[in-house]
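Please dock the two separately framed chains into a single complex, following the hints provided.
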Amino acid sequence: MPRAKFQTLTEQMFYILLCLREECCGMDILDKVPAMTENRVNVGSGTLYNLLEQFCDAGMIRETKVEGRKRSYLLTDKGRDTLDREYARIRAQAEDYRRYLGEE
Amino acid sequence: MKETKRRLETFSFYDRTGLEAHLARMAAEGWMVEKIGQFFWYYRKIEPKTLTFSVTYFPKASQFDPEPSEEQRTFYDFCEHSGWVLAAANAQLQVFCNERPNPVPIETDPVLEVESIHHTMKKSLIPSQLGLLVVAFLNAGLTIWRLSGDPIGVLSSPAYLFTSLCWMLLFLLIGVELSSYFRWHRRAVLAAERGEFVSTGSHRKLQIGALVFLAVITAVYMLSIAASGSRMMIAMVLIMFFVYVPGLFLLIWGVKSWLKRKKVAAKISRVVTVVSALAAAYLFVGVIVFGTLFGSSHGWLKEKDEETYRYNGVTFTARHDELPLTLEELVPVEFEGYDRELHAYRSPLLEKYDAMQRPRFDAEHYKEMPDLEYTVTVVKAPFLYGLCEKSLRQDREERWNRDMPESEWYSYEPTDPAPWGAEAAYCWTSREYGPRNTFLLCYPDRFVEIEFDHQWEVTPEQMALVGERLGHGLL
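If you read the protein sequences in the order shown, they are chains A and B.
To convert, note that position 70 of the first sequence is 70 in the working numbering; the numbers rise steadily by one, no gaps.
To convert, note that position 246 of the second sequence is 246 in the working numbering; the numbers rise steadily by one, no gaps.
Extracted from the complex, chain B is given alone in its bound form (with noise of 0.2 Å):
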């Protein structure tokens, strides 16, 4: 039979009501609150039993406070004289229980209890909100403007997308949380120079919906990241959850509780636990980037089938990856030597494949050999195939175009598509030197980019080719 039990108690901090009904709640069915944790409220097994709870603030405490102050200590004494029990505290938080049949309220003057509570909120929650709600914003902007310019490589990139999604989260969990908590704060003082009291109230479904998305995107991504095979991204996301996150929120804790054990002053304490944080954040970071060298340049990072070689002094990667269509089935190949490399980026939205076979610098004849190029991007969502094709056709007429005089902008002309075994097809064609060979192909969930040597006269045969393995074959 346990004996004690720790849940995340979902209730915003100021929810008085809530609290005071659930921990009720808790006690009927024999649990005793006895330790507010940094995420976990603990509970230990008693005899069920009637109590009346009560949550007041004490905005004089802090998280620091090596013990109870003075004062804080004072006002226990009062609380007990009438018959209530302090059960657990954090920082400005306290929670009293009382055993008497309808004991005097512990706050009986509204506006005292709103002054309390709001000292409390503006000391404490409402700056460091604030603050998370403002880099949140720029977080959304920064997307926003991102999006605009560059929608497939925001979308089709499960960092970018995470990312996003986490802040987009955050604020909307802040926002909710303090327009409600300010729109409680009018009523409550209203209603105090009247006598009365207001209920308070929390989000406790948006939270949990909130948590659960979390718990969602950050498995997808770590799915997406552990499919796409980079030693790379998988080294380091599995840093950044499994030890940069915690090994700070760990830090933190551990300072802070020294302290406290070591009973330095609550000032002290503060200055001393922010200062190890940033300093611990920086040297994780300059830890992270000086490993990520050194495994570089010793290899452990290496992609599979990666090679250096070094021309001209200068050290280049080449890769042997396997592509989709290569350029030796499309015209004969006489030459070896060449780097092969596919990228792939894929979100639950879309898909994007860069793929380019080139010569190698160290080749015989790397200045004779032909190369090919071509991004293959897949609408996973179709919604958003509207968006590709403009970013693909627009966009990309737009920032070409845009430093050219006027007589050479060039333009996606289209194109008869049927060879290509297409719904639409463009060439990419300058108003000086006429139709390049760079094609944009449209196709039902996908389009294709593909770029031939300008000396190459593409047949029907290898557009078809291309149709098949590009448009419509698996990637």
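Next up, chain A with everything else stripped away, as it sits in the complex (with noise of 0.2 Å):
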């Protein structure tokens, strides 16, 4: 069954969200996530493009400044709570495996 929208997020939407709490244009983003990741996830040009553009959408980021063709975005409110609730997942995965683990 396909996931309903932004419910949970993929790697790539978490750190791009995580990247917009501080206002980036999309080129910012596309090297930032590496450096924040040590490489292990990348995002592609044109699955950031779709995103900024579903983010908008959603209002999850809202567009802050236009230089010619730079655009550059900022969480929501909305964009936090999401961000926040998938941390809370993680997180919950995370303490399920450490307690799973811990009482074997």
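For the record, the hints were derived by calculation from the structure and aren't laboratory data.
Every residue, glycine too, gets a C-beta built ideally from N, C-alpha and C.
Misleading hints may appear alongside valid ones.
[As the list claims (entries may be wrong)] Derived BS3-like pairs: lysine-lysine, alpha-carbon spacing no greater than 27 Å straight-line:
1. A:K5 to B:K122
2. B:K60 to A:K70
3. B:K256 to B:K35
4. B:K60 to B:K367
5. A:K5 to B:K123
6. B:K2 to B:K35
7. A:K70 to A:K32
8. B:K35 to A:K5
9. B:K122 to B:K2
10. B:K256 to A:K70
11. A:K32 to A:K65
12. B:K123 to B:K35
13. B:K122 to A:K65
14. B:K262 to B:K60
15. B:K60 to B:K123
16. B:K35 to B:K45
17. B:K45 to B:K2
[Said to hold, decoys possible] Covered, in the sense of this in silico footprint (three residues per stretch, anywhere, with C-beta under 8 Å from a C-beta of chain A), are these stretches of chain B:
18. 72-82
19. 103-109
20. 112-125
Rendered as structure tokens:
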């Protein structure tokens, strides 16, 4: 069954939103994500373009600045909630993992 | 040394896997794609090198865009930042290349990639191909319906066979293409949920086979029209293949290019292009109809040996075709003034010859002059023999008797084939009036339907001559 949009986030969505806690343009994100994950996660340029558009449409980020074709974005409250919820979910997963292994 | 070349690429529109591999192979051979045209892909010579290609789809783009939109340029900027340089684009199809080793792919989320391809397909190819599929399906249905009613007429007509085969080919190609796409899409959606990409594919051998088949049937059709010697048919085919179709394509391409150069907005450009294409299509048909009528009235399209005469204020045509069997050869004919017509329909499957020798209305004794009519159907594809026999016998009886009282029904009753030199012979016989002077004669490779005047008593010598000329002779 297809997952409901943004109910849970993929790794790439998570890191893009995380980048956007500070004002960033698309190309900054392309550089930041591999840097913050030690190259473990890379976001493709087409994927980033589509996700930025979808996050904007969903009200999770907003456009803050337009300089020619360079557009900057920032996380909205809704986006922050989504990011926090995802973080809580990942943490809960990690807790479950630890507890399960600890009990064994 | 050629610096550029163009190729007809037979990949499916959504086959990014096949296209990426092909373009990388071309670059390794020293050919870089630089433009994607309406029919051809254009390449320029480069130093052979290893490049990675990525084919992506930008659903918001349109073939009517005067230039890439701001959004599209932003997308290009993102790609360039990752080392992907735009090599060529056509409407939604975008081709990028990258010189870096192991570059980060443009699409790293399979769900988004499948959505993007599907949006593009829904916007462009699927509606137009579904429309064509419906038209092709209706045409296939019409062909089957006509084939069941008049198989000889259909199978002996090169024009009908040609158009029917074209529609069937189109139906097959679009059917295969669309069903393959939907199958791929279903698999790709499921795989994307697991984070996997699914390779795409094309039916290149089928497409190449279809192109070769189209070239062969077009050549056969044009040759058969040329061999028919009919000026009207030759003129129509020449106009269709060398004026109408290329003219329409050139006009659409010209209007689209001009509007792009003038930087007209995509929506206006689409409307203007569609309206001008429709107007031109109707205008061309109007010009052709008018030209044909004008040409006919001035005798430009007159068949050779054709003349016109007026009788009681009406214009009739009369011809002097050479007939395989004439009245004069069967009976002593005392009068002058016959119209002799032979109409030939030749296809690789069947040949049909309709011949008649009738008195002209302006002949002095036309009411007393005998006449003769016959049709010879030569079966060139032996598997059609049974179908032709059924059509000539049973179908004729059914058609003829459909609205008749049963007491007056006609049927082909067996008669002695020996005098005709035939394998079987049938006489058209009415339940009420008895046998008529119409016969169906079956020979190993052909059928002859011949109708004599009702007062004519056909002698064994005349039957033998019919068998010799029409049943066994060259037509």
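Status of each hint after checking the structure:
1. A:K5 to B:K122: 21 Å, holds
2. B:K60 to A:K70: Judged against 27 Å, a Cα distance of about 19 Å means the pair holds.
3. B:K256 to B:K35: Measuring from Cα to Cα gives roughly 17 Å; hence the hint holds.
4. B:K60 to B:K367: 75 Å, violated
5. A:K5 to B:K123: 22 Å, holds
6. B:K2 to B:K35: It holds: about 16 Å lies between the C-alpha atoms, which stays within 27 Å.
7. A:K70 to A:K32: The hint holds at about 16 Å.
8. B:K35 to A:K5: Roughly 37 Å between the alpha carbons, so the hint for K35 (chain B) and K5 (chain A) is violated.
9. B:K122 to B:K2: Answer violated: K122 (chain B) to K2 (chain B) is near 39 Å, above 27 Å.
10. B:K256 to A:K70: Distance ~31 Å between K256 (chain B) and K70 (chain A) Cα, so the pair is violated.
11. A:K32 to A:K65: Answer holds: K32 (chain A) to K65 (chain A) is near 19 Å, not above 27 Å.
12. B:K123 to B:K35: Given pair K123 (chain B), K35 (chain B) holds - Cα atoms ~22 Å apart, limit 27 Å.
13. B:K122 to A:K65: Answer violated: K122 (chain B) to K65 (chain A) is near 33 Å, above 27 Å.
14. B:K262 to B:K60: 21 Å, holds
15. B:K60 to B:K123: This hinted pair holds, its Cα atoms lying about 9 Å apart.
16. B:K35 to B:K45: With a Cα-Cα distance of about 13 Å, the restraint between K35 (chain B) and K45 (chain B) holds, given a limit of 27 Å.
17. B:K45 to B:K2: Holds: K45 (chain B) and K2 (chain B) sit about 8 Å apart, inside 27 Å.
18. 72-82: Three-residue rule met by the stretch 72-82 of chain B, so holds; n is 8.
19. 103-109: With 6 residues closer than 8 Å to chain A, the stretch 103-109 of chain B meets the three-residue bar; holds.
20. 112-125: holds (count 4)
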